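> Mind docking chain B on chain A? Use the hints.
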Amino acid sequence: MARIQLENVKKAFGKVQALDGITIDVKDKEFFVLFGPAGAGKTTILNCIAGIMMPEEGLVKFDGEIMNLTDSAHRNVAMVFENYALYPQMTVYDNMASALRSKLYKTDEAEIRERIQWAAKIMKMEKLLERLPSQLSNGQKQRVAMGRALVRNPSVFLMDEPLAHLDAKLRNSMRTELKEMQANLGSTCIYVTHDFMEAMALGDRIAIIKEGRIVQIGTGDEIYYMPCNEFTAQLMGDPEINLIDAEISGTEEAYTAKFSLNGEMVACSLPQDSGVYAKIKELGLKRVDIGIRPQHIKYSFEPQDGYFKTTVYSYESIGNKSVIVTDCGDKNHSQLRMIAPNGLRVAIDNDIYIHLEMDHAIFFGSETKDYIVRYDEANYIALAAAQEDE
Amino acid sequence: MKNKKQRSLNVLMNILLILYAVFALFPLIWMLLISFKSDTEVFTTTFLFHPTLANYQEVLLRSDYVRYIRDSVIVAGGAVLVSIIVGVPAAYALARYNFPRKEELAFQILSYKFAPEILVVLPLFMIYQKLGLYDSYFGLIWVYQLISLPLLIWVVRGYFEDISVEIEYAAQVDGYSWYQIFFKMLVPLIKPGLVSSALLAFIFAWNCFTFPLILSSNKVYPVTVAIMKYLGTDSAHYGQLAVASTVSALPAMIFALCIQKHLVRGLSFGAVKG
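Protein chains in written order, with the working numbering: chain A, 1 to 390; chain B, 1 to 274.
This is chain A alone, in the form it adopts within the complex (with noise of 0.2 Å):
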């Protein structure tokens, strides 16, 4: 097990900048979630760690050790595929055994049935073992890819989106049982998502990858309430949060919100908080882009003091709730999303009224698009620091 730095780290594949100087410090034994939209550079990075690709610059650390010249055999990393990459001419077994059979990592065969066993057991493909991956499902395929590294106590794991081709079952049951193997082995492991439930559920850890930089690092939460910026702030969290595009004004002792919903400027006011008040304050702030989540703006079907007058855009059941989108006909914040329990009985273009829950809003800039303050700040600043102590 080991600690895995990587310092500015750069990687150009032609004219495009895969990666734009990376560096991330893993921890021992930390459970480090890679998270970004596709084509962000994430397995790249895997691939940079892992010893398959080069780094043009910056230096890639195991345990303060520089290993950029050290060839992929010699890391010692088990590497988790995102095509499975099984080797087709062997039965799952083999392919299993095939890193304990390496000269390398010479280990007895009995020991290697055991192992197998163990891990198989676990990704519930015992019956598999003896068959060819031409023979599997995608599903099964991956399992067989998680097995294969598993099977190894390798300084990091590298996985690169082990879960994406599990149906949605075998997928939940599955994080919560690598979670917990994860804590058992005490290995470091080095995880790549784009899924947001994942990278929350999973991560000790998670850094937000865009354009082959990184944009934060923190835990799920930290991350999920206060987003650096809006970029951020919009990948984590689905349905994707409300960006109102506002002006402020008034003084020190009230200040009020508006902005368009349909045509209409309406005014909205902020309840007190005095680090939000101070920063208001202290920046001067004009115009700002407020950041809602979906669970904070309630509704109603009849006028209600303090709702707004919107229509309905659409409405879909995700399972144990539903999201109503609303059509507030702004440019700049068009549909707002908001969270309802299920089974309502919602017509679309029907008038809905809106109520925005001021007090858990997120501020960023309007032109910066970064984050400034949000309400209860300091809250969620101590739960951070506790998070990272734990």
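Think of the hints as simulated: they come from the structure by calculation, not from any bench.
Every value quoted in this text rests on a predicted model; they were computed, and no experiment measured them.
Check before you lean on any hint, since a few could be wrong.
[What the hints assert, rightly or not] Output of the computed footprint for chain B on chain A, the stretches with three or more beta carbons under 8 Å from beta carbons of chain B: (1) 44-56; (2) 66-74; (3) 99-109; (4) 364-375.
[Claimed, not checked] The calculated PhoX-like cross-link candidates involving lysine-lysine, where the alpha carbons are at most 25 Å apart (straight line), are: (5) A:15 - A:210; (6) A:169 - A:179; (7) B:102 - B:113; (8) A:281 - A:298; (9) B:184 - A:103; (10) A:10 - A:210; (11) A:15 - B:102; (12) A:369 - A:258; (13) B:184 - A:106.
[Stated by the list, open to error] Interface residues of chain A toward chain B, partial, derived using beta-carbon atoms under 10 Å: (14) 81; (15) 82; (16) 86.
Even glycine gets a Cβ: it sits at the ideal position worked out from N, Cα and C.
The following block gives chain B in isolation, referenced to the frame of chain A:
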């Protein structure tokens, strides 16, 4: 009703196939028949004759035929061996690495097969004379690369391209060195293509006539050229000629029959990309 229709269709199909088989195999059968005929009966067109083994005795026991066969085996086998040793790494490089003018190089290799042999053989003759390669095993093996190498490289390259590069990465991570990966992981995967293209290359090299005719004479005498010896200046011993051809066709036929199932699949698999 439907069954009846299907059965009659089957019968018709089989009749057509038998007709085609007779058409395709007739020259071979005719050659086989001639090999058992005495010189006087060669031109009888009925199938009635007095079979004799005299021709076989004459060719196999009383001439240098075995030596010719041996020369052919050395030259064709050597050519295929060299092609495999050179071609497999070349195919790997063409499939995996990016380098300037890669496609042009691949096309250049393929283009060796474009020119008719007769077109290049005369300049080659002059060069071979000067270099002292004329009439040597090495010289023929070398020139046979024009025939066997492009075939092998293009088929095997397709196979390498079908292997996802992550498999090599996975093996690296599993602790294997490059050579171990190549022989343990990659060679088993390209084997069907390698075997079938090597076999085809062997048959082509075995059947080659123009190159050995011009580029060799007494020391190296492949069987294709040697057959001409049985065409005398004043008399043609068709019976002996037929024996010589029949025996020389045997290795190719035996090989092809043994692996015919793999031959078609092996050659088409790499070419069809999903």
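> What's the verdict on residue 10 (chain A) and residue 210 (chain A), does the C-alpha distance respect the 25 Å limit or exceed it?
Since the Cα atoms of residue 10 (chain A) and residue 210 (chain A) sit roughly 14 Å apart, the hinted pair holds (cutoff 25 Å).
> Less than 10 Å between beta-carbons is the criterion; does residue 86 (chain A) satisfy it with respect to chain B?
With Cβ-Cβ at 8 Å, under 10 Å, it holds.
> For the stretch 66-74 of chain A, count the residues whose Cβ lies under 8 Å from any Cβ of chain B; is that count three or more?
holds (count 4)
> If you count the residues of the stretch 44-56 of chain A with a beta-carbon closer than 8 Å to a beta-carbon of chain B, do you get 3 or more?
Since 4 is at least three, the answer is holds.
> Need the status of pair residue 15 (chain A), residue 102 (chain B): alpha-carbon distance at most 25 Å?
Roughly 19 Å between the alpha carbons, so the hint for residue 15 (chain A) and residue 102 (chain B) holds.
> Would the hint linking residue 15 (chain A) and residue 210 (chain A) be met if the CA-CA limit is 25 Å?
holds (17 Å)
> Straight-line Cα separation of residue 102 (chain B) and residue 113 (chain B) no greater than 25 Å?
The hint holds at about 18 Å.
> Counting residues of the stretch 364-375 of chain A that have a beta-carbon nearer than 8 Å to any beta-carbon of chain B, does the count reach 3?
It is violated: at least three residues are needed, and the stretch 364-375 of chain A offers just 0 whose Cβ sits closer than 8 Å to chain B.
> Measure nothing beyond the straight line between the CA atoms of residue 184 (chain B) and residue 103 (chain A); if it is 25 Å or shorter, mark the hint as holding.
holds (13 Å)
> Hey, does the residue 81 (chain A) contact hint survive, CB to chain B under 10 Å?
holds (5 Å)
> Quick one: see if chain B covers the stretch 99-109 of chain A, three-plus residues with Cβ-Cβ under 8 Å.
holds (count 5)
> Please verify whether residue 281 (chain A) and residue 298 (chain A) have alpha carbons no more than 25 Å apart.
violated (29 Å)
Comparing the model with each numbered hint stated earlier shows that hints 4 and 8 do not hold.
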